[in-house]
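My request is simple: use the sequences and hints to build the entire structure.
One line per chain: the protein sequences are A and B, in this order. Going by my numbering, the residue at position 35 of the first sequence is 35; the numbering climbs one at a time, nothing skipped. Going by my numbering, the residue at position 5 of the second sequence is 5; the numbering climbs one at a time, nothing skipped.
It is possible that some hints are incorrect.
Subject to a maximum C-alpha distance of 35 Å in a straight line, what follows is the list of computed DSBU-like cross-link-like pairs (lysine-lysine) [stated by the list, open to error]: (1) A/K25 <-> B/K400; (2) A/K25 <-> B/K304; (3) B/K316 <-> A/K22; (4) A/K62 <-> B/K304; (5) B/K304 <-> B/K323; (6) A/K85 <-> B/K460; (7) A/K25 <-> B/K564; (8) B/K564 <-> B/K441; (9) B/K441 <-> B/K528; (10) A/K98 <-> B/K484; (11) B/K304 <-> A/K22.
Don't read these hints as lab results, they were simulated from the structure. In this text the structure is predicted, and so the values were computed from the model without any measurement.
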Amino acid sequence: MENKNERRREEILRISGVNPRKCMKCGKCSATCPSYDEMEYHPHEFVYMVESGELAPLLESKSIYKCLTCFACVERCPRGVEPAKLIEAVRLTVIREKGANHLKADDIPAKLDEEIPQQLLMSAFRKYSK
Amino acid sequence: MQRIGVFVCHCGTNIAGTVDVVAVAEALKNEPGVVHSAEYQYMCSQAGQDLIKAAIKEHNLSGIVVCSCSPRMHEATFRKTAAAAGLNPYMVEIANIREQCSWIHKDMASGTEKAIILGKAAIAKVNLNTPLTPGESPVTKRALVIGGGIAGIQTALDIADAGFPVDIVETKPTIGGKMAQLDKTFPTLDCAACILTPKMVDVAQNEKIRIFSYSEVVDVRGFVGNFDVTIKKRARYVKEDICTGCGLCTEKCPQKKVPNEFNLGMDNRRAIYIPFAQAVPKVATIDADYCTMLKTGKCGVCAKVCTAGAIDYEAKDEFIEEKYGAVVVATGFNPISMDKFDEFAYNQSKDVITSLEFERLTNAAGPTAGKLLRPSDGEHPHTIVFVQCVGSRCEACAEKGKEYCSKICCMYTAKHAMLTRDKYPDTDVYVFYIDVRTPGKAFDEFYRRAVEEYGVHYIKGMVGKVSPEGNKLKVQASDLIAGKQLHIDADLVVLAAAIEPDKSARGLATMLTASMDTNDFFTEAHPKLRPVESPTAGVFLSGTCQGPKDIPETVSQAGAAASKVIGLLCKDKLTGNPCVAQSDEMMCNGCSSCERVCPYGAITYSDKEFRMPDRTTKIRRVASVNPAVCQGCGACTVACPSGAMDLNGFKNNQIMAEVDAICKM
Ligand SMILES: Cc1cc2nc3c(=O)[nH]c(=O)nc-3n(C[C@H](O)[C@H](O)[C@H](O)COP(=O)(O)OP(=O)(O)OC[C@H]3O[C@@H](n4cnc5c(N)ncnc54)[C@H](O)[C@@H]3O)c2cc1C
Ligand code: SF4
Ligand code: SF4
Ligand code: SF4
Ligand code: SF4
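See below:
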């Protein structure tokens, strides 16, 4: 169990490219986050909990689907921590462990409707195609 | 043949931890010229030095190699040791087996191997060393202080007090710096003007001090004790010796729409102006960018109203040349630009201000006569949000912020918050902080008073976004302790902007050949032991040009810099550095390559008569080096195509011998 957690943690750090030790715990990411009230764990908490290896609550939390990938936290973080990338990596871990829920280009036309902003499709690719 | 002694230092475990010092001493024993080799725990200690002295005498040594820390650390120490034992100090070589060896190696075998190689190189060099004797140069007993903030003022007063003449060069029309713009000062809350302006008057009245205001240093030549400086006195179009500072012109000038920089553009001044009532020198200055007379030739109001006849539209920049023995840099700081921090809406709303602007808004001599009013509509703000660390401690955004802590903003924000609550108890005051850093005498107590006595809301968290909406500023922030995102409708947002060195500092550093760090703060000769000297001899550092500081720290550093200057000016003669370049006139072909590369202008040419082997004479142009100006950088020795230029103490054959010794391994 210990080992699995540590492997997951390393995988999350690897695919996100984030170094949580750079965080100075200022909370500017969570101050910026437009999805704050929807989330149970907030960007700075993701950074802290991944650093301290407290992954289980994050993996189970709905928060990973509430992040809008707007990258506001990435843009504002004074230390270049890039919390959104970390959140995405946690989300990817869940998706992968559930059995590679990949989005293929072919699936797109069926999902298109006039209301869907292009940015969302881009985000969807980022989230589901890795 | 030299008789060389080798001394290997353990430096406690600093060296001995990764280098087998006994093996090094043993290996170096058999090198050419070595007659004695020893190791000891601390060579720099009294006992270590005694050991070296005894060995010099006992073995009649002609040169020594100390395998120890960097020569920057203890070369001078060991040279003194050698001299005390009757050896020429330039017969000492240091093999740096600490910084360049033990500290960067983990493995004993490779650390030891490298230490031996470094030792061999130093021995190879000493074999070719010759005794050198330094020359002497006189000291000009006058100091130059660049920058007239509280740092420059204090340094100048202290130097003048010791009886030496001092000149202050200040770019602005008045001395005083940022402190003149402040309202009250932490931690005792005395009014800045009340403690600063008497010092400014002291400067004006001190006959040892000359002030060159509205001026800048444009050229520096020479070296410690003998700087030749050119000062550009910009035309202010007002005769300083005639203007009485009555200020009539500044009331009558029809050009009223000039942003007033002293109030950070929050109100306007005239084209002819005196920055503030207590300015020193108290004389008017015409701003050529705005004066209609200077731009179009039509106006002349100020000349008409000036009863003293001080206005001179024909004035030109003047250049003054002066000699100085010492130069003190006191160019201070400025808050960084907030232009790139869109999230705080500084450029979108007049009611988002910096802390320095806040000082002006609360200053009785400021644009609102000291009443705290919103810049947009002149209303009293009821909710104020202060944001700390704006652009400080910002590693990710190098193009907008600074990686360091600006050190003063925690304290002045506490001051602003406390004073606001004191004067306007109906105001809600929030301070967003990452950490509250208040190490200093009576500092933490001060901050706690803001919280406990004055009820300032300190919130651990950061502001993420400020959006102007109607006449409110919507502040979105995190409260990390409550685990909440906060939304505050504020009337005023105050940003504690990071501070940076004055932009002119880099150019000045180049002129002075003084070094700077990556943030453009001047570097001190040693961060702990020589904090007010620059590594360039004769150049001293005072105040915030060296790093962020509050007033108490600035003043202590200013006094320390003054005492170093006084120590220098007290000397009649200085001993120079004998490791200077020398040209071999027989080899020099007069090509000027060396002159072009010398950063100190130490090389000149002259035509000399030479007797040729066939008994004819020939006039040839040859280079010669002024040993008092040469800093021994060695640039010329590399540039010289005919190998005529050589550096004493670092001769080409000595360097090659070192390289050979290393390559032989
Ligand atoms: C908002 C705010 C509030 C503060 N409140 C407090 C407080 O309450 N208590 C406290 O202890 N400290 C306070 N400080 C800090 C204080 O202002 C500084 O410690 C102090 O001003 C530093 O003095 P200085 O002489 O080093 O620099 P400066 O005050 O910046 O003076 C430098 C001078 O050099 C001149 N200059 C610059 N470049 C050149 C050049 N190339 N040639 C000639 N002249 C040049 C400048 O024009 C200026 O006059 C505050 C700072 C800020 C920003
Ligand atoms: S903004 Fe960056 S440094 Fe600040 S808490 Fe979030 S991740 Fe950490
Ligand atoms: S990327 Fe996600 S966590 Fe970051 S600010 Fe946007 S919604 Fe919040
Ligand atoms: S002094 Fe305080 S407000 Fe200023 S940068 Fe440092 S921690 Fe931030
Ligand atoms: S070593 Fe040569 S280039 Fe360097 S200062 Fe001396 S004369 Fe100039």
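Outcome of the hint check:
1. A/K25 <-> B/K400: Between A/K25 and B/K400 the Cα gap is close to 20 Å, so the pair holds against 35 Å.
2. A/K25 <-> B/K304: violated (63 Å)
3. B/K316 <-> A/K22: This hinted pair is violated, its Cα atoms lying about 54 Å apart.
4. A/K62 <-> B/K304: Violated, at roughly 78 Å.
5. B/K304 <-> B/K323: violated (39 Å)
6. A/K85 <-> B/K460: holds (24 Å)
7. A/K25 <-> B/K564: Status violated; Cα separation ~42 Å.
8. B/K564 <-> B/K441: holds (26 Å)
9. B/K441 <-> B/K528: holds (20 Å)
10. A/K98 <-> B/K484: The hint holds at about 32 Å.
11. B/K304 <-> A/K22: violated (64 Å)
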